[in-house]
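Novice: As they're listed, the protein sequences go chains P and Z. Counting from 1, position 62 in the first sequence corresponds to residue 62 in the working numbering; the numbering is continuous, with no gaps. Counting from 1, position 99 in the second sequence corresponds to residue 99 in the working numbering; the numbering is continuous, with no gaps.
Just so you know, these hints were derived from the structure itself, not from any lab. It is possible that some hints are incorrect.
Unchecked claim - Derived lysine to any residue pairs resembling SDA-like cross-links, with alpha carbons at most 25 Å apart:
no., chain 1, residue 1, chain 2, residue 2
1, P, Lys71, Z, Leu45
2, P, Lys9, Z, Lys70
3, Z, Lys70, P, Gln96
4, Z, Lys104, P, Lys71
5, Z, Lys70, Z, Ser82
6, Z, Lys104, P, Pro61
7, Z, Lys104, P, Gln85
8, Z, Lys70, Z, Pro39
9, Z, Lys104, P, Glu59
10, P, Lys57, P, Arg44
11, P, Lys57, Z, Ser27
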Amino acid sequence: NAGVTQTPKFRVLKTGQSMTLLCAQDMNHEYMYWYRQDPGMGLRLIHYSVGEGTTAKGEVPDGYNVSRLKKQNFLLGLESAAPSQTSVYFCASSAQTNTEAFFGQGTRLTVV
Amino acid sequence: GQQLNQSPQSMFIQEGEDVSMNCTSSSIFNTWLWYKQDPGEGPVLLIALYKAGELTSNGRLTAQFGITRKDSFLNISASIPSDVGIYFCAGRWNSGNTPLVFGKGTRLSVIA
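Please take these sequences and the hints and turn them into a complete structure.
Specialist: This is the structure we're talking about:
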């Protein structure tokens, strides 16, 4: 029972590089989310999706893009990485009628 | 956006002591969730609350949905070393497509 799987688990980028974080869920959930976690800041919502083909901005969307081409996948892209994007990124998913969100293991990203 | 105030930010307690933490919101919430995050892991759901006044237990954990719908608390009884971690409250202030909002977390340390 995989649940929510994030790839990769760790990554180091140079400023200006781009990358994509992949989130996959096997629970047939409609909702998917990307959060970032920084010390003392808790979990802040970057973008979310309420279904295949839809995306919406969260609290801190700047510098990130997302795509939900398939229901089970939610991609988070950084077009030009900045040191301020050094963080731990969590993906989560939830069913449409059930508000409980299930989280992945996280991706630790360092931008130097 | 909606904000959750979670307190305390951190706690140091002796093994065997009881613990209490709470969350308050500026708006009425219709869902409260409590998560625990172990080091290097994603948050894991502990308790979900859906009705004002609801009191729910999960082993040594007890959480309540405040009757004003603007607060919730989590109690841990007879703490043990594995209770160490960060506890997050999360809530949804509206039904439908509104994503969860998270508090900034309470970091719990248990001294044996």
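Novice: What hints, given by number in increasing order, does this structure fail?
Specialist: The structure breaks hints 2, 4, 5, 8; every other hint is satisfied.
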